[in-house]
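Peer 1: The lines below spell out each chain.
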Amino acid sequence: MDDPFDLIAGWLHETVLIPALYAMGLMRWEDLAHGWVLFAVYGGVQVALTLAVCLPLERWRPVERWADQRAVGVDIFYTILSRVGVLPLVTFVLFYKVQVAMNGWIVDHGWIPPTLEHAIPALIGHSVATFVLYAAILDCVDYWRHRISHRFRWWWALHSLHHAQRQMTFWSDDRNHVLDDLIALVWFGAIALLIGVPPLQFPLLVLVLRFIESLSHANARVWFGVVGERLVVSPRFHRAHHGIRAAGRRSCNYGAVLPWWDMLFGTANFSRAYVQTGDPSGEEALATGTWLAQQRAGLRRLWRTLGRLVRQV
Amino acid sequence: MAMCFRLGVTVPALVLLTCAAMGFGIPRGLASGVAFIVNSSSASISVIDMTSRREVRRIPALREPHHLVLSPDGKSLLVGDTVGNQIMFLDPATGAVQRRVTVSDPYHLAFSPNGKLLVVNGLARNQVDVYDAAAMTLIKRFAVDSTPSHLDFSPDSRFAFVSLQGSGKLAAFDLKELTLRWTEPVGPAPAGVIWWRDKVMVAIMGADYVVVADPATGKVVHRIVTGKGAHTLFLAPDKKIMWVNNRASGTTVSLDAETLKTIRVYNIPGGPDDIDFAPDGTLWITRRFAEKVAILHPDTGDFETIGVGRSPHGLWLNPAAPRP
Ligand SMILES: [Zn+2]
Ligand SMILES: [Zn+2]
Chain A
17 MDDPFDLIAG WLHETVLIPA LYAMGLMRWE DLAHGWVLFA VYGGVQVALT
67 LAVCLPLERW RPVERWADQR AVGVDIFYTI LSRVGVLPLV TFVLFYKVQV
117 AMNGWIVDHG WIPPTLEHAI PALIGHSVAT FVLYAAILDC VDYWRHRISH
167 RFRWWWALHS LHHAQRQMTF WSDDRNHVLD DLIALVWFGA IALLIGVPPL
217 QFPLLVLVLR FIESLSHANA RVWFGVVGER LVVSPRFHRA HHGIRAAGRR
267 SCNYGAVLPW WDMLFGTANF SRAYVQTGDP SGEEALATGT WLAQQRAGLR
317 RLWRTLGRLV RQV
Chain B
7 MAMCFRLGVT VPALVLLTCA AMGFGIPRGL ASGVAFIVNS SSASISVIDM
57 TSRREVRRIP ALREPHHLVL SPDGKSLLVG DTVGNQIMFL DPATGAVQRR
107 VTVSDPYHLA FSPNGKLLVV NGLARNQVDV YDAAAMTLIK RFAVDSTPSH
157 LDFSPDSRFA FVSLQGSGKL AAFDLKELTL RWTEPVGPAP AGVIWWRDKV
207 MVAIMGADYV VVADPATGKV VHRIVTGKGA HTLFLAPDKK IMWVNNRASG
257 TTVSLDAETL KTIRVYNIPG GPDDIDFAPD GTLWITRRFA EKVAILHPDT
307 GDFETIGVGR SPHGLWLNPA APRP
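Here the protein sequences line up with chains A and B, keeping their order. The numbering used here puts the first residue of the first sequence at 17, with every later residue one more than the last. The numbering used here puts the first residue of the second sequence at 7, with every later residue one more than the last.
Be aware that one or more of the hints could be misleading.
Stated by the list, open to error - Okay, the calculated bits of chain B under chain A, using three or more residues with CB under 8 Å as the criterion: (1) 80-91; (2) 125-136; (3) 271-284.
Stated by the list, open to error - If you want the ones that stay clear, here's a sample from chain B, every Cβ over 10 Å from chain A, calculated: (4) K205; (5) K225; (6) H228.
Hint data in this document are derived by calculation from the structure and do not stem from the laboratory. For each residue, glycine too, the CB sits at the ideal point set by N, CA and C.
Between the sequences and the hints, there should be enough to build the whole structure, so can you do that?
Peer 2: Next up, the structure:
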């Protein structure tokens, strides 16, 4: 029954985190810290699993071969930052009070966030099915967030950081501008008020979803067959989204895990080509800069876009 | 969706654990009945046969249940599901679900001694809610600063005392006037609250002591050192011993209820949290990071363990119930 990752997280919490929190006078965060250490442990497992599968795949059937892979390094940094919970922690600390105050205010005005089980009582007691249904709905919600982020120039200024990578690998999944991440946080926060949050007692199911996302960025000639391509987002499918000619408003294949939304809303492209990735419209720092240089370049691009918008008005 | 997992929007709901299972072969006691253990991160309630000391089944909750309380008439066991925004009413003998009521963020909850009110702490929303216990309608909501954790009442049901974990204070609410009477500093990250002999005792998790406060003014009159991360307080059924769990030191301490002097310190690793008392004299203790319940024999200091779900928190024993 004992889960070895729970065991590691529990041990870390008791022997490292609690003494540290106690010494720093931060025991009020003890319960939440327990959640974070688990997030970090499972994040580490995600990275290890992705590495174990994707690295051999990229060696075996690479789409592109690069003489020098320096641009990949920064993507590794992005991955570590977000998956072991550094970025989420910072966001949480910065916005905790706002979030608590907002939720309290909304409840005070008569809205208590429901759950899907509330709408569909048959789901009660079937938590895996509930998780899967949430996953599908949230994937659809993410499809629209992603699609709209390509539509508005100011938003694309931020999201283009994700597209700037010309050496796209399985590490590229988490490369995002922090403001883009923040908008996504608000986006999902709003959805959580509407439909609640999924049951999260299945870290392994979360791991599978995250794995699919990482894999979809892999530099590998991998597709899932005529039927499979239409069930789950593949490296070939997502590569089309990252194609040079698909940057900005002309893109396709916005889905993260399920290609269904692209099929349903007319943005799917199942062409067989393994295209080159990148966004030629952005400055070079977005592609090959350090983490900080990329973040700054994203801000500059946002600033210029906003300036243009203001002049138009 | 993965974006939402990536960003950790829901991470406060995600928690799990485990550590080394310690325990010793101890002759089985004569307890019968059923134990309910709330697995906060598995979103379930473990139903345990107190005779065989085995988990019989799990009752699914919605998202993140923490504490439970028996209704004044003894006919329902209420389980608060914080992230699920629901109180589940269970049959206290069988665990069968009687009904579900939508309630905002029910973390710690308790009925006033006269049975008329149900006070619910909304830890994640900085709200303390007072419900009419019979109708389950909200009478009054207090906005507090911040993180209302545990609560207890004065025996005359006039006042409720709530620890405010985020601000290091204790708050007293007048339940007749429905006003906040006072908030006073008691120490960093206060957690467990209990009324005892015309005083209010509060466990101070950010320190290594329990305070005794004057219920009229909130002023601290005593400090009793129990261990690092003092977290919860429970009075033995015979009212002779006050038990304290210390989160950081991993200990359970017995205090003489009369003198409040330490009698004995027991090592209970894995984040000891809530306690209930079995008729055979053992203490059932949830161990948050160990996914276990400890059954402590106070005479010998040994404990047995039962494996349950992730982050077990609240627990309640019903020795009178038939074997599940
Ligand atoms: Zn995109
Ligand atoms: Zn991508």
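Peer 1: Give a verdict on every hint.
Peer 2: Hints versus structure:
Coverage of the stretch 80-91 of chain B by chain A holds. Counting CB-CB distances below 8 Å, 3 residues qualify, and the rule asks for three or more. With 5 residues having a beta carbon nearer than 8 Å to a beta carbon of chain A, the stretch 125-136 of chain B meets the requirement of three or more and the stated coverage holds. Residues of the stretch 271-284 of chain B lying with their CB closer than 8 Å to a CB of chain A number 3, which satisfies the three-residue condition for coverage. Every beta carbon of chain A lies more than 10 Å from that of K205/B, the smallest distance being close to 23 Å; the non-interface claim holds.
Listed as outside the interface, K225/B is consistent with that label: its C-beta sits roughly 22 Å from the nearest C-beta of chain A, beyond the 10 Å cut-off. In this structure H228/B is separated from chain A by more than 10 Å, as the shortest Cβ-Cβ distance comes to about 21 Å.
In this structure, none of the earlier numbered hints is contradicted; all agree with it.
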